[in-house]
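Peer 1: Spelled out from the first residue to the last, the chains are:
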Amino acid sequence: AQSVAQPEDQVNVAEGNPLTVKCTYSVSGNPYLFWYVQYPNRGLQFLLKYITGDNLVKGSYGFEAEFNKSQTSFHLKKPSALVSDSALYFCAVRDGGYSSASKIIFGSGTRLSIRP
Amino acid sequence: GAGVSQSPSNKVTEKGKDVELRCDPISGHTALYWYRQSLGQGLEFLIYFQGNSAPDKSGLPSDRFSAERTGGSVSTLTIQRTQQEDSAVYLCASSSLPTSGGPIQYFGPGTRLTVL
Numbered sequence: 348a349q350s351v352a353q354p355e356d357q358v359n360v361a362e363g364n365p366l367t368v369k370c371t372y373s374v375s376g377n378p379y380l381f382w383y384v385q386y387p388n389r390g391l392q393f394l395l396k397y398i399t400g401d402n403l404v405k406g407s408y409g410f411e412a413e414f415n416k417s418q419t420s421f422h423l424k425k426p427s428a429l430v431s432d433s434a435l436y437f438c439a440v441r442d443g444g445y446s447s448a449s450k451i452i453f454g455s456g457t458r459l460s461i462r463p
Numbered sequence: 074g075a076g077v078s079q080s081p082s083n084k085v086t087e088k089g090k091d092v093e094l095r096c097d098p099i100s101g102h103t104a105l106y107w108y109r110q111s112l113g114q115g116l117e118f119l120i121y122f123q124g125n126s127a128p129d130k131s132g133l134p135s136d137r138f139s140a141e142r143t144g145g146s147v148s149t150l151t152i153q154r155t156q157q158e159d160s161a162v163y164l165c166a167s168s169s170l171p172t173s174g175g176p177i178q179y180f181g182p183g184t185r186l187t188v189l
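Just so you know, the protein sequences line up as chains H and B, in that order. The first sequence begins at 348 in the working numbering and counts up by one. The second sequence begins at 74 in the working numbering and counts up by one.
No lab work stands behind these hints, which were simulated from the structure alone. These figures come from a predicted structure and were not determined experimentally. Positions of the beta carbon are idealized from the N, C-alpha and C atoms, including for glycine. One should not assume that every hint holds.
So the derived label-pair ranges between C-beta atoms look like this [as the list claims (entries may be wrong)]:
1. Gln392/H / Ser126/B: 36 to 42 Å
2. Ser100/B / Tyr408/H: 25 to 31 Å
3. Thr187/B / Leu403/H: 19 to 25 Å
4. Ser126/B / Gly376/H: 14 to 20 Å
5. Thr86/B / Gly376/H: 37 to 43 Å
6. Pro354/H / Glu158/B: 22 to 28 Å
7. Ile177/B / Ser373/H: 20 to 26 Å
Same shape as in the complex, but just chain H (with noise of 0.2 Å):
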């Protein structure tokens, strides 16, 4: 069955300063795993994706994820933050083979929180 932890609830990062929000996964195939972020009072919002290819993906407002397989890893980093980036982060994956059965869970979600 396919998982996914996110070890850490909360993260607290001066403004300025690299993030990196972690995330591992299991799954029995090659997995697609994205990244989600939930800003206070709002709906959830798509930030990247990793389906193949190079393992640095880049996304929205300036994030990028870098998937290591030998690590069954996904971390979500960007290399300055910023006081708006604080917000709810999900982790999530998907059995990467392409029955349409293969459902998308979630992490349990980091609480990301910047200071300035």
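Model the placement of chain B on the given structure of chain H, informed by the hints.
Peer 2: Using the frame of chain H, we list chain B on its own:
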């Protein structure tokens, strides 16, 4: 364009009552998902519909929960004999079946259910 809509936005009910939550996906999206987000918690997968295939109900927490999707479009999540632990935000998402790559989910604003 129209996104995913959910109704009602808020529902307060008494313990033991039945409730119905509605989701209108984006037109043409073949996949529809229900998730539950409890206060301060992550996204818990409930059920997944894909086209005419049998739904994946593996995330439904008990037989009090059921969902249907009529005509491949609108979905209703029904909770019978509600309990206080059912209080949460219920999120619906839809996605198209991609010709390549993983599907991006588009989330509705959610229904906040409070069971007194």
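Peer 1: It remains to establish, for every hint, whether it holds in the given structure.
Peer 2: Okay, the hints, checked on the actual structure:
Against the hinted window of 36 to 42 Å, the Cβ-Cβ separation of Gln392/H and Ser126/B comes to about 27 Å, which falls outside the hint. In this structure the hint that Ser100/B and Tyr408/H lie 25 to 31 Å apart at CB holds, the actual value being about 28 Å. Restraint check, Thr187/B to Leu403/H: a C-beta distance of roughly 43 Å breaks the suggested window 19 to 25 Å. Take Ser126/B and Gly376/H: their Cβ atoms lie about 18 Å apart, and the range 14 to 20 Å holds.
Range check, Thr86/B to Gly376/H: about 41 Å between beta-carbon atoms, so the 37 to 43 Å window is met. Look at Pro354/H against Glu158/B: about 26 Å separates their beta carbons, and that is inside 22 to 28 Å. Range check, Ile177/B to Ser373/H: about 22 Å between beta-carbon atoms, so the 20 to 26 Å window is met.
The structure fails to meet hints 1 and 3 from the earlier list, while all remaining hints are met.
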